[in-house]
Amino acid sequence: MFDKELSLQEYFYIGYLFLIVLGIVSDAIFYAVLDVSYLNYITILDALISPISLLSNNWMMSLILLALFILMYFHITRFSPWLYLKLRDKRWYQKVTNIEKADKRYKALKEKKNIVFGMMLLFFFLFVSMRTGMAIGTKNKLSTKEIKPNYTLVFKDDSKLDVRKIGQNSAYYFYVVPGEKLVTVTPILDNLKQIKRIKKLDE
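With the numbering used here, the residue at position 93 of the sequence shown is 113, and numbering never jumps.
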């Protein structure tokens, strides 16, 4: 499919579209688990920077994702070809495998064909899976009311509210009031004057 060599500009466009699709899909799934129709509150810019922002603000998730990505990369590019060569001439393996198709896949891997797009697809599934897991974890905490506030919202009428931040984009702030189970969405420019982080007791 991508046998011809792409230019730097073409890779840039593909990366741009990849980040947008990754941001839209991962955030839509995350908020859908929390019963929020996120597509009503998103812009193209929000989708573009969402994966980058999430990874830069969550170093633990970044490390886990990087480790999984590296392991899967070496599995696909090193271990799988090595295992295939070991088993290719086994009679039982030939009975359960289409050798002709397997040879083509091995040749493509050896020549590094489609490796960039294959790894992009791998990263996509890893990222979306981890984001879905985060959503399920948050949902479970909401159902058991184990939510503790980590931000104080100061509204334009000077009223204050301690909340648990769920997410934020350029125009909206997503939060849960401790003791409640539903995510609240509020416009930042129209409603909020300040967003203050609550210091932890051990800080």
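Derived by calculation from the structure, the hints in this document are not laboratory data. Certain hints may be false.
[Stated by the list, open to error] No more than 35 Å apart at the CA atoms, straight line, and that leaves these computed lysine-lysine pairs for DSBU-like:
#	residue 1	residue 2
1	Lys161	Lys201
2	Lys180	Lys219
3	Lys161	Lys106
4	Lys159	Lys176
5	Lys176	Lys219
6	Lys121	Lys159
7	Lys168	Lys106
8	Lys168	Lys185
9	Lys219	Lys161
10	Lys201	Lys185
11	Lys127	Lys168
12	Lys106	Lys165
13	Lys159	Lys219
14	Lys121	Lys106
15	Lys127	Lys110
16	Lys219	Lys201
17	Lys127	Lys165
18	Lys161	Lys127
19	Lys110	Lys165
20	Lys201	Lys180
Practice problem: With a cut-off of 35 Å on the C-alpha distance, tell me whether lysine 127 and lysine 110 pass. | Solution: holds (19 Å)
Practice problem: Take the C-alpha atoms of lysine 110 and lysine 165, compute the straight-line distance between them, and say whether it is at most 35 Å. | Solution: Violated: lysine 110 and lysine 165 sit about 56 Å apart, past 35 Å.
Quiz item: Hey, lysine 161 versus lysine 201, does the alpha-carbon distance stay inside 35 Å?
Solution: holds (9 Å)
Quiz item: Taking 35 Å as the top limit, are the C-alpha atoms of lysine 176 and lysine 219 close enough?
Solution: With a Cα-Cα distance of about 22 Å, the restraint between lysine 176 and lysine 219 holds, given a limit of 35 Å.
Practice problem: Below or equal to 35 Å on CA atoms is what counts here, so check lysine 201 against lysine 185. | Solution: holds (13 Å)
Exercise. Compare the distance between the alpha carbons of lysine 168 and lysine 185 with 35 Å, and conclude whether the hinted pair is satisfied.
Key: holds (10 Å)
Quiz item: Are lysine 161 and lysine 127 close enough, with their CA atoms no more than 35 Å apart?
Solution: Judged against 35 Å, a Cα distance of about 48 Å means the pair is violated.
Self-check item: Agreement of lysine 168 and lysine 106 with the hint, judged by alpha carbon distance not exceeding 35 Å
Solution: violated (54 Å)
Self-check item: Pair hint outcome, lysine 121 versus lysine 106 [Cα-Cα no greater than 35 Å]
Solution: holds (17 Å)
Quiz item: Is lysine 180 close enough to lysine 219, meaning Cα to Cα at most 35 Å?
Solution: holds (16 Å)
Practice problem: Could you grab the alpha-carbon distance between lysine 161 and lysine 106 and see if it respects the 35 Å cut-off? | Solution: violated (47 Å)
Exercise. Given the hint that lysine 159 pairs with lysine 219, test it: the Cα-Cα distance must not exceed 35 Å.
Key: holds (24 Å)
Against the hints set out earlier in the document, violations occur for numbers 3, 6, 7, 11, 12, 17, 18 and 19.
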